[in-house]
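Residue numbers (numbering that gives the first Met the number 0), protein chains in the order written: chain P, 0 to 350; chain X, 0 to 288.
Just so you know, the hints here were simulated from the structure itself, not pulled from any lab data.
You may find that some hints are simply not true.
Taking lysine to aspartate or glutamate and the EDC-like style, the derived pairs with C-alpha atoms no more than 16 Å apart in a straight line are [said to hold, decoys possible]:
| no. | chain 1 | residue 1 | chain 2 | residue 2 |
| --- | --- | --- | --- | --- |
| 1 | P | LYS273 | P | ASP302 |
| 2 | P | LYS350 | X | GLU154 |
| 3 | P | LYS322 | P | GLU117 |
| 4 | P | LYS322 | P | ASP185 |
| 5 | P | LYS244 | P | ASP142 |
| 6 | P | LYS52 | P | GLU277 |
| 7 | P | LYS139 | P | ASP222 |
| 8 | P | LYS342 | X | GLU249 |
| 9 | P | LYS53 | P | ASP222 |
| 10 | P | LYS107 | P | ASP121 |
| 11 | P | LYS107 | P | GLU277 |
| 12 | P | LYS240 | P | GLU313 |
| 13 | P | LYS102 | P | ASP121 |
| 14 | P | LYS273 | P | GLU117 |
| 15 | P | LYS342 | X | GLU63 |
| 16 | P | LYS342 | X | GLU62 |
| 17 | P | LYS350 | X | GLU62 |
| 18 | P | LYS350 | X | GLU63 |
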Amino acid sequence: MAKSLNFRTASVAAGFFLAMLGSAMAAEQIMFVSQGGAYQKAQTIAILDPSAKKLGITINQDSVPDAWPIMRSQVASGKPTWDVVDVATNFCLRGGEQGIVEKLDFSKIPNAAAMPAEYRSDYSVAYEFYSSVLGYNLKKFPDAASAPKSWADFWDVKKFSGRRSLRNHPLATLEAALMADGVAPDKLYPLDVERAFKKLEEIKPNITVWWTSGAQSAQLLNDGEVDMVMAWNGRISALTKEGAKVTYTYNQGILQSTSLCVLKGAPNLPTAIKFLNEAVDPVHQANLPLHIDYGPANPKAYDTKVISEARVKELPSAPENAKVQALMSYAWWTSPAGEAAEKRWLQFMQK
Amino acid sequence: MTTQTIDPSLRHQRREQALMTLLAAPAVLVIVALVVIPVGWLAAQSIYDNGFTLEHYRRIFTEEVYWRSFALTFRIALMVTLLTLLLGYPVAYAAAHAKRPWNVLILACVMLPFWTSVLVRAYAWLVLLQRTGVANQLLERFGLITEPLAMVHNELGTVIATVHILLPFMVLPLYSTMQKIPRELMLAGASLGGGPLYSFLRIFLPLSLPGVVAGLTLVFVLTLGFYITPELLGGGRTVMISMVVSRNVELYAQWGAASAVGVVLLVCVLAIFAAVGRIIPLDKMLGQK
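Modelling step: build the complete structure from the supplied sequences, incorporating the hints.
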């Protein structure tokens, strides 16, 4: 009797303790910021909700298409409200240089150990991969054998007639120009900026539109405004799913990533780091491509068997596809030479 | 005795003045809080970054990139302004002279697109003007062209859409001025033997000038700040100054790099106002009397 009472007291106490622990854990929260739209929805299902559940934390979300200026003003204000930001990797690195982003302690992010060194930096962990690929209209090039397959083909206006579009931005475009000029995908960096711009001058009269948003690149290809385009793989595959007669090749694609980084002085720093580790967990990562056409950043995701064989073939970071592509060096783009190249772009566009 | 007496009308006038100042105070406060302080802050940032610096201005005045964008922006603004005047004057004239319900209908046609988002209208023009768009398809069907015309993804597309978006800003001041021109003056002109064209040129046109100047100034200044339209319809080559501002936020570590461009644009606009103000007094330009 006394024993059972003791047991009951103990179990009540244990329950109370657990409840306390639970509420203490539930009180842990972070503010996570990404780019919104279908992409953020896919992450929520594949990564954010499962991570929140597993860690027992609350993940509040915000979205903004262009996080960089806000990251800067938040840190400058001295009281940032964001913790973790999912942003193009170059902004994480630049943020690190400018003291806007926290330096990461990778001993607290064991899941990142399986990632290649190029996928992380002192300030960033790659989160997902996409690729700038050569896409084209199947009505214009119905025959795979005579379709453009490389940037050299894209530049060859005699052999491959048709209207063309490139992105109004130097990132990936300079890489494509150098590959068109014969540089091997794995020998691109440091970029020969002079040579790249010279090659771009060559194709410039044949570029109908320099696109600025991903949606625009898809619209141009879909409406037949252009026959060939450098665009992000997910934009073209989305068109294909809607029945558009378009396709793309991963050959000489430029593999790019967004990364997670933590704002300097983030209000929930320890929780943010815990989340960073959870976000690159192989299983969560493997779930992402089930909801959107982006590839996991943790290669171990491909060993989880969560992604079907057929699906693996479509993903930019799949080993077979990664092999034929160039991996963008964000370290180069945030170096002084890279920043100078970025500033030079407008001069090139105006002439 | 004499010192004690104050002219009652003068006292009334003073009281009215005090009342007016009081009534204007909230508006002045709002302007100070939302315009004067931010603009001052903007200007301060462009010259202060851990110490006084003119680096951002040096860049603007030495790098060709800025000069090209300023030149392009002013050229587009000039074209848009003249085109809206050419298109807007007859419309305003018709609206001012038509009888009900026609004048209402004309104004409604002008105002209706005004209530549609700028973004939606930019995309609408894309659908109309692109290579496979409605305009090119019609022209091809009627055999007027064999190759689709490049009407968008260039400066032309930008100008067309901007003219459309800003047309109400030309028509409305014109209409309000024209409406106030007494009809009798034209009748008097006719009775003195002036033909319709002569009466128009000698009487109506000069009287409508304040509306013309108001419309020109509004449209010109608004065009200088256009961003979405050239971004969507300019094909990447039409780099207007607002796009340079946004680019500088991305490229440079200091806000000053972007705000200096804004300050230079603001100074240009004020200079234009000052120049125009010398020809036509500012109060007249804004439609008083």
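The hints, checked one at a time:
Between the alpha carbons of LYS273 (chain P) and ASP302 (chain P) the distance comes to roughly 23 Å, so the proposed pair goes past 16 Å and is violated. This hinted pair checks out: LYS350 (chain P) and GLU154 (chain X) have alpha carbons roughly 14 Å apart, not beyond 16 Å. Simply put, LYS322 (chain P) and GLU117 (chain P) have alpha-carbon atoms about 14 Å apart, close enough for the 16 Å limit, and the pair holds. At roughly 10 Å between alpha-carbon atoms, LYS322 (chain P) and ASP185 (chain P) fall within 16 Å of each other, so this suggested pair holds.
Of the pairs offered as hints, the one joining LYS244 (chain P) and ASP142 (chain P) holds, with about 12 Å between alpha carbons and a cut-off of 16 Å not exceeded. With a CA separation close to 11 Å, the supplied pair LYS52 (chain P) and GLU277 (chain P) stays within the 16 Å bound. Among the hinted pairs, LYS139 (chain P) with ASP222 (chain P) is consistent with the structure: their alpha-carbon atoms are about 13 Å apart, no more than 16 Å. Under the criterion of a C-alpha separation no larger than 16 Å, the hint pairing LYS342 (chain P) with GLU249 (chain X) is consistent with the structure, at around 10 Å.
Simply put, LYS53 (chain P) and ASP222 (chain P) have alpha-carbon atoms about 45 Å apart, too far for the 16 Å limit, and the pair is violated. Restraint check: the Cα-Cα separation between LYS107 (chain P) and ASP121 (chain P) comes to about 13 Å, which is no more than 16 Å; the hinted pair holds. For the suggested pair LYS107 (chain P) and GLU277 (chain P), the alpha carbons sit about 11 Å apart, so the restraint of at most 16 Å is met. With a CA separation close to 13 Å, the supplied pair LYS240 (chain P) and GLU313 (chain P) stays within the 16 Å bound.
Taking the CA atoms of LYS102 (chain P) and ASP121 (chain P), the gap is about 6 Å. The hint holds against a cut of 16 Å. Restraint check: the Cα-Cα separation between LYS273 (chain P) and GLU117 (chain P) comes to about 22 Å, which exceeds 16 Å; the hinted pair is violated. About 12 Å separates the Cα atoms of LYS342 (chain P) and GLU63 (chain X), which keeps this hinted pair within 16 Å; it holds. Note on LYS342 (chain P) and GLU62 (chain X): the hinted pairing holds, with a Cα-Cα distance of about 11 Å set against a maximum of 16 Å.
At most 16 Å may separate the alpha-carbon atoms for a hinted pair to count; LYS350 (chain P) and GLU62 (chain X) meet this at roughly 14 Å. Taken as a hint, the LYS350 (chain P) and GLU63 (chain X) pair is honoured in the structure, with Cα atoms around 10 Å apart against an allowance of 16 Å.
Comparing the model with each numbered hint stated earlier shows that hints 1, 9 and 14 do not hold.
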